[in-house]
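Chemist: Sequences and hints are given; from them, build the entire structure.
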Amino acid sequence: DTGVSQDPRHKITKRGQNVTFRCDPISEHNRLYWYRQTLGQGPEFLTYFQNEAQLEKSRLLSDRFSAERPKGSFSTLEIQRTEQGDSAMYLCASSLEWSASGELFFGEGSRLTVL
Amino acid sequence: AQKITQTQPGMFVQEKEAVTLDCTYDTSDPSYGLFWYKQPSSGEMIFLIYQGSYDQQNATEGRYSLNFQKARKSANLVISASQLGDSAMYFCAMSAIYNQGGKLIFGQGTELSVKP
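Sequence order for the protein chains is P and Z. The numbering used here runs 19 ahead of the 1-based position in the first sequence. The numbering used here runs 170 ahead of the 1-based position in the second sequence.
If you're looking for bench data, these hints aren't it; they were derived computationally from the structure. Where a beta carbon is used, it is the ideal one built from N, C-alpha and C, also for glycine. Fair warning: there could be bad hints in the mix.
Label-pair distances were calculated between CB atoms; the ranges are [stated by the list, open to error]: (1) ARG233/Z - LYS33/P: 41 to 47 Å; (2) GLY91/P - LEU254/Z: 40 to 46 Å; (3) GLY180/Z - PRO27/P: 27 to 33 Å.
Partner residues are not named here, just some residues of chain P that face chain Z (Cβ under 10 Å, in silico) [claimed, not checked]: (4) GLU63; (5) MET108; (6) PHE124.
List time: in silico BS3-like cross-link candidates among lysine-lysine, alpha-carbon distance up to 30 Å [stated by the list, open to error]: (7) LYS186/Z - LYS285/Z; (8) LYS90/P - LYS76/P; (9) LYS76/P - LYS173/Z; (10) LYS243/Z - LYS186/Z; (11) LYS243/Z - LYS76/P; (12) LYS240/Z - LYS173/Z.
Modeler: Take a look at the structure:
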């Protein structure tokens, strides 16, 4: 399978703990995106990378959130000192910079539950 | 700023009938892309169809067609011959630049239920 993969698929943690999610994009895609989706809402953009450079961050990405893509391949999203409001599905997507449609390919998401 | 509006929180359709899911958008840019994604209960976002702002004809992909009315800023999704497997959340989304991969702005979604 050469799609976008995310790990872990589910994470339950206690408030105040740190969590890290990993995303492996489609290998030839140079753009990688993180989205957050809460129940009953559409995905909200968090940040995106082109190769290893983080080109844009949403205001939703507080100081407790950090994302990296050190070698331009996989990416990690870390949340420090988790709060109950961080409970959500974290979606990763990848794309080519230029394509016929600019389509984003999504992974199955990492669901975070903060107790 | 770009914005996507989906005004139908939920829709019901009888199996084998056609259904239209509404989407309106707002942007001041002349170049943009419009997308529809399906999200079944498993959570994965599945790409359905794309329309570029400069495309003259409405996009079609199998049973999916996008009714693009640029002057009205609408991009409705039409699903023909609904199937039980079409039951899912459907999201309309917009990208800033035509044919360039970029961040998508999503609407709030429409939950479609197909009745047997």
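Chemist: For every hint, state whether the structure bears it out.
Modeler: Hint by hint, here is what the structure shows:
no.: 1; hint: ARG233/Z - LYS33/P: 41 to 47 Å; in the structure: holds, 46 Å
no.: 2; hint: GLY91/P - LEU254/Z: 40 to 46 Å; in the structure: holds, 42 Å
no.: 3; hint: GLY180/Z - PRO27/P: 27 to 33 Å; in the structure: holds, 31 Å
no.: 4; hint: GLU63; in the structure: holds, 8 Å
no.: 5; hint: MET108; in the structure: holds, 6 Å
no.: 6; hint: PHE124; in the structure: holds, 7 Å
no.: 7; hint: LYS186/Z - LYS285/Z; in the structure: holds, 9 Å
no.: 8; hint: LYS90/P - LYS76/P; in the structure: holds, 19 Å
no.: 9; hint: LYS76/P - LYS173/Z; in the structure: holds, 18 Å
no.: 10; hint: LYS243/Z - LYS186/Z; in the structure: holds, 29 Å
no.: 11; hint: LYS243/Z - LYS76/P; in the structure: holds, 27 Å
no.: 12; hint: LYS240/Z - LYS173/Z; in the structure: holds, 15 Å
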